[in-house]
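2 protein chains.
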Amino acid sequence: MAEKYVYFFGGGKAEGKGDAKELLGGKGAGLAEMTNLGLPVPAGFTITTEVCDQFYKNKRKYPDGLDKEVREHLERLETLVGKKLGDANDPLLVSVRSGAARSMPGMMETVLNLGLNDKSVEGLARKTNNRRFALDGYRRFIVMYGAIAIGIPREEFDHKFDDIKENKTRARLNIPKGHKALDTDVNEAELEQLIPLLKGVYKKHTGKDFPQEPIEQLWGAIDAVFGSWMADKAVTYREIEKITGLKGTAVNIVQMVFGNKGETSGTGVCFTRDPNNGENTFYGDLLMNAQGEDVVAGIRTPIHLSELNLKMPRIYEQLCDVRLKLEKNYKDMQDIEFTVEEEKLYILQCRSGKRSPMAAFKIALDMVNEGLITREEALLRVTDKDIEGLFYPVIDPNISQDELEAKYLGSGIDAVPGAAAGQIVFTAKDAEEWAANGRKVILVRRETSPEDVGGMHAAQGILTATGGKTSHAAVVARGWGKCCIVGCDALYIDYIKKVMSIGDKEFKEGEEITINGSNGNIYQTSLSLIKPEFPDEYYTVMKWADEFRRLGVRTNADTPYDAQNGVRLGAEGIGLCRTEHMFFDTEERRLAIQEMIIADTVEHRRTALSKLLPFQREDFKGIFKAMDGKPVTIRLIDPPLHEFVPHTEHEQRQLADKIGVTYEHVSRRVERLHEANPMLGHRGCRLSISYPEILEMQVRAIIEAACECQGTGSKVFPEIMHPLVIDKKELKVLETKTREVAEAVIAEKGVMVEYLVGTMIEVPRAALLADRIAEVAEFFSFGTNDLTQLTLGMSRDDAGRFLPDYVDERKAGVFKADPFQSLDQDGVGMLIKMAAEKGRATRPKLKLGLCGEHGGDPASVEFCHRNGLDYVSCSPFRVPIARLSAAQAAIKGKKNK
Amino acid sequence: MAEKYVYFFGGGKAEGKGDAKELLGGKGAGLAEMTNLGLPVPAGFTITTEVCDQFYKNKRKYPDGLDKEVREHLERLETLVGKKLGDANDPLLVSVRSGAARSMPGMMETVLNLGLNDKSVEGLARKTNNRRFALDGYRRFIVMYGAIAIGIPREEFDHKFDDIKENKTRARLNIPKGHKALDTDVNEAELEQLIPLLKGVYKKHTGKDFPQEPIEQLWGAIDAVFGSWMADKAVTYREIEKITGLKGTAVNIVQMVFGNKGETSGTGVCFTRDPNNGENTFYGDLLMNAQGEDVVAGIRTPIHLSELNLKMPRIYEQLCDVRLKLEKNYKDMQDIEFTVEEEKLYILQCRSGKRSPMAAFKIALDMVNEGLITREEALLRVTDKDIEGLFYPVIDPNISQDELEAKYLGSGIDAVPGAAAGQIVFTAKDAEEWAANGRKVILVRRETSPEDVGGMHAAQGILTATGGKTSHAAVVARGWGKCCIVGCDALYIDYIKKVMSIGDKEFKEGEEITINGSNGNIYQTSLSLIKPEFPDEYYTVMKWADEFRRLGVRTNADTPYDAQNGVRLGAEGIGLCRTEHMFFDTEERRLAIQEMIIADTVEHRRTALSKLLPFQREDFKGIFKAMDGKPVTIRLIDPPLHEFVPHTEHEQRQLADKIGVTYEHVSRRVERLHEANPMLGHRGCRLSISYPEILEMQVRAIIEAACECQGTGSKVFPEIMHPLVIDKKELKVLETKTREVAEAVIAEKGVMVEYLVGTMIEVPRAALLADRIAEVAEFFSFGTNDLTQLTLGMSRDDAGRFLPDYVDERKAGVFKADPFQSLDQDGVGMLIKMAAEKGRATRPKLKLGLCGEHGGDPASVEFCHRNGLDYVSCSPFRVPIARLSAAQAAIKGKKNK
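These protein sequences, in sequence, are chains A and B.
Counting in our numbering, the first sequence runs from 1 upward without gaps.
Counting in our numbering, the second sequence runs from 1 upward without gaps.
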């Protein structure tokens, strides 16, 4: 039997079903479902997404037999409604609309009134007894077909229409100059003049007459829908939204109904609940005497549903019934398109309704309370974006699109969501000073480094010219939930003149900009922002999430402040405490670490280290207290030493003075620290191998802090983690030294402290040899930032230039999403899986965590759940997302069993 | 039954055997073997290496029962020789010597005359009727025991002896001032005075009297031998020589025989063949009336074996018989230690003799001709070091060690062997200019970059302050077989003043130095050098190697010159032709590539590329002609673009002028090209993904060249290789484009050309996903330089600072050798194995090669053989080593079956 490519619906029965979204698209499945539910849906048929798939697989050729099948279904439709497409007396008109399994802007939307031609338009005129209506329909069809299906610039059609309105209609109606005639003002005669002009535009562009043969029109529209699947806009949208695995779009051909047949007709959109706050009230409006496109155009003011109740209570009642049936059927808030044609209601489309983050939580919770859905289902309804939406300030949604467009400067990579506005500064020092004077600043840098951390903290938001989503700027800003845009390629900074340019616009220090980290856009001037707020429903839903998830969620935190923040947001421990961040906190600390680095003997190094010890110990005490017995994974020093030292002559001279050595000594030492590829250099545990005294100081600080806390009644559970390990022998050396120091401190203090010694798995070799490494390590924490960099051979700081091509399916198309944000499950994931299995084969109770940026990414969290990790760790502000994602992963996992 | 820790030999029979080297050490096994062969070996016993192993495993405690076993064997020895250790009348004296399975300087060597004390010395005097002899023996024993076993500085003993010689002996013999008395001049009375002084030195250092109890002396010496196994010197030696897997050292306790019993006694060393040229003549000499240590001291002149024949023909004849027996038994040239005691010959040791590279080839070949060994065995006899020794100039061996030490400045990493001498220059430009004026120069740089290639070629040798064995300098120099030292940490260069310092010595431009790339040493002034020469035997042995090996050997070659060189040295194809090296050849080419990079539109880029096309085409033609149908793997552009552009303002301004753009344009573009980690940046096939026009130009140049060569009768077989691939999709995009261009050129030219399209496997992800990638790739070439960098997370340019700690077994001890030189088989090897298996699972005939630096390393070549690779590719000068190693791998593989 040949494959079935076309599905019919109409007359109260449909061949398709609501769950056949993959095959029929969301729209087609909805129409089928609603037909089967007995709702008043116009008849029609759907050409499947399978056709789209085959079309592209076979060099834009349709499968054999499609033509015949479409003809048969068209005939069936004609028979059902008793009209013929293009009939000169009583023509059937249809709409042609695309519809993939997921809603997708950028694809061809709708061609209405298809089937009109020079003859059938007169038939429609006679039949409706309204020639103006028929001609207006023809006008709309020519424009839509020409603009949407063929791709002729719509303005060219609009110019013709505007000419008529300006020169004929306005004059005829004596509309004063400066005011415009409305579409509805145009009369029959004027439309009659307009139509040949529109056809002329069509001919100018295509070289052909406007098609009169309805079947040719139909195929033209079908071609356009399938063609739009691979249009740049659609492809880009799929990329941005990480939509993959779809076969293509379906095409829906549906009998036209008319909302523009006078004052008892209209067209509208409604939501089964309020999409802004989630209240269980009927929400929507309609435009009387209008077709769909008029609603979008926004020329006339629509009326609210309550007014419809006054005007046409029967219709309103019917609509309320539809609302209930659909919610009961779909168990979710629905977005419904409907048309009233001469007091008869038609439902044209329904789909899951978009909602605000706050509404998402409220609706999910309410539906559980109403018994419509289970808690599991509720947890699958809210998304990471919903949580994000609660957390971050946004640009005032009342600012018009036009204003935004006028102020738009350019865009970069959306590293940390939320919006920020303030004055431009170019150095961390300036940021700190200006902020101290009460000014709001945006720190704009080519890139940031650990020395900039103070200024970054002081700024409202951060904008950098280079880097990707896991660059230094992004990682640090994310930790604070601070708006950040990175990798803005168009941004050029002249640090000397204190001027930046984006494209051809220049800005001086102190001028104002607004940045939107949720989409990467940059605007001139300070735009007004809306602060976030949390609904009660959020807390309930998160409580459920904690009940359902198996995977632990920890936070990355380097300070007591971060630790408290993480706990407040639900973290069950610290998965990554980066000790080196503590070295930058104050001038005194910076000096001690720099002195340690400049030292050229073990004795000098030890002296400098002994100055750092009390600082580290106090920091650890603060963190241990904040975590109160929850596990705290502390990573020993990781970055290459040159990140800690000054690089300008001036600063080097200052440092030399302060630590009492010559400038030449400092400058030579710094020069020798220079590395061609610092990422692959002298860093991580390699520092502790070369300079065991650093490890000794850090372990001593940790265990002393632990003993002191424990001694005063707090519980502590440190997990000491060695970064960048590549071998069992190396870890054994580190572990032995670690335990020696720890046991010595425990003996000195006479306080028993439990602790673990483990390692990051962040170098491919460590993953490959994890079975051996697990002989020594008591836990693994997958450092997926570095593991991704090394497995892919891509520096996150440099990938900005080429990574977009690797996510673009028209270029290399390797990744579905930025692999520094969402784990590359095929490659890096294979290593993690391998390491987890090998590690547990050696040590069945090996504790496994993940502490890269991926710990806050839903897909990556699910990966960790599936692969038996014990926990993920992410920045405090991602903790709720990780909790939700872990619950969702558990629920999905159960379902799939 | 308890384990046996001690093995006896003597009386014509031994408990051990010659093949028990692992257990008895080389020396112990040799003594056992010679005893069993009936040679005149003094009796004794060997404590096994197993004891050493247990000693270290059990915190320096000997296994139970050892004490008893040693006592029993000592008694057996005493019974056999009829004397007792320490006997007051006729004492047995023994020597105590270490001996591991491989010869190892740095371990405790020998304590002679053990068993002497204040009483037994008089017994010996009476028994030998020579009190001076006995006292001299006691003197030697105290000094050796004190210095070697206990570790007292030998000078302190020497001072006492010198005092006696100066103040007593010289005076007594009226030796004029300024001349010294010889050891043999010292008489009985003076020795009698000396001995208490030596004991005093011993007491001063140990706080104890010199041990009089012979069994205490014996255990003292045994402790010292086992203790020396882990002495720094021994550990370092094992690291340098890559000696691993040994259990430890054995201890040999052997009855003393005396070469210093007058003019019918003597001690000597001989080789069964000439170790310098390999001639089958008896080679060696002996020192009359001397003990072993006198030979080393070199005070008196030894006599040649031919003189021995005149003096003691019976002994000479006996020695010749030993020579024949040992060669027949061991089937290798032997190094024999012997002593003549009052016209009685004793063989004290035999081992495989060290020989010059030239001798190695001659001896191997001769022994095959003599029917002593097979060709397979001959191939296992010569080593990579032998081949290297034939290739490179060396410092004149007649220059004394003292002179070398006096001129020694410091050392770096021995990147490319051979020696070079010349004047110091600090820039590539200077190197080129000075060389053009006929001067010999050494190019000294902090590091080198592709722009320096011209100057590097012009220099005699290259010295850099940074980098490892696979840094740019090392890789390029190796390609030319040019002496190169890298990573000289003590080297500091002031480019502005044109001065360099090594440690505290300063050198100006133009001053002379000598560098020895074989050991990394740097000397002041120009030392005289010896040019390499090739014996005929080399060619015969290499022919055999080619017959036995399965693995193909190709060369890395970027120019027709390299290609010819490679073919001359036996390469069967080019495994890696780096196209970008062609871009630096001339000013014109450099300008075109720079113009291409600075271009900001596709059109500009295409214009610039079209200038490069003819250059590349001509280069490829030259290479194809040189290879004449042998496969040529051409890697498309690989380095990040910033490597091609100038970085100083001056040069940027020049470039701007030449290509007609503003300086700001150039400088901004260059700044934007900057990368934090270029190794992980926008390079490799990522460039062809971003700028497909570069790929188009390169493929066109390759195929045009191939068509033109083929058209004129040469055969060509290009293999087009895409570097840095991480995914099948990415490679598919590149492959499609490659084939499109290639087919277009083939159609244009009307000449059929066969070619393959494949990929480097040099990123861990590619190895992990090799099964998928093999769906597209027709061949894989493992780029083990980058694969090692990424798998280990170590930049070869930066690893110099910490990698030594990773090879040092007292520090991290992860690698047995520099993993950039000898493949990390555990980690990187696992990925290669995985990728090879996965690749072949998809495409059984997938061609597999390796083209990193490892292609010229014997252990890595063996790995490739074992894992079924088709070929290795290395720099031209390593091709013979690869051929030999491949043959050795095949022979060993057969043996193990």
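Worth flagging that the hints you see were computed from the coordinates, not collected in a lab.
Accuracy of the hints is not assured; some may be wrong.
Said to hold, decoys possible - Within a straight-line C-alpha distance of at most 30 Å, the following computed DSSO-like cross-link-like pairs (lysine-lysine) qualify:
(1) A:Lys729 - B:Lys811
(2) A:Lys311 - A:Lys261
(3) B:Lys729 - A:Lys233
(4) B:Lys385 - B:Lys354
(5) B:Lys61 - A:Lys729
(6) B:Lys833 - A:Lys729
(7) B:Lys729 - A:Lys59
Against the structure, the hints come out as follows:
About 9 Å separates the Cα atoms of A:Lys729 and B:Lys811, which keeps this hinted pair within 30 Å; it holds. Taking the CA atoms of A:Lys311 and A:Lys261, the gap is near 16 Å; set against the 30 Å cutoff, the hint holds. Of the supplied pair hints, the one linking B:Lys729 and A:Lys233 holds, its CA atoms being roughly 22 Å apart against a limit of 30 Å. Between the alpha carbons of B:Lys385 and B:Lys354 the distance comes to roughly 12 Å, so the proposed pair stays at or under 30 Å and holds.
A hinted pair counts as satisfied when its Cα atoms are at most 30 Å apart, and B:Lys61 with A:Lys729 qualifies at roughly 24 Å. The hinted pair formed by B:Lys833 and A:Lys729 meets the criterion: a straight-line CA distance of about 23 Å does not exceed 30 Å. Taken as a hint, the B:Lys729 and A:Lys59 pair is honoured in the structure, with Cα atoms around 19 Å apart against an allowance of 30 Å.
The structure agrees with every numbered hint stated previously.
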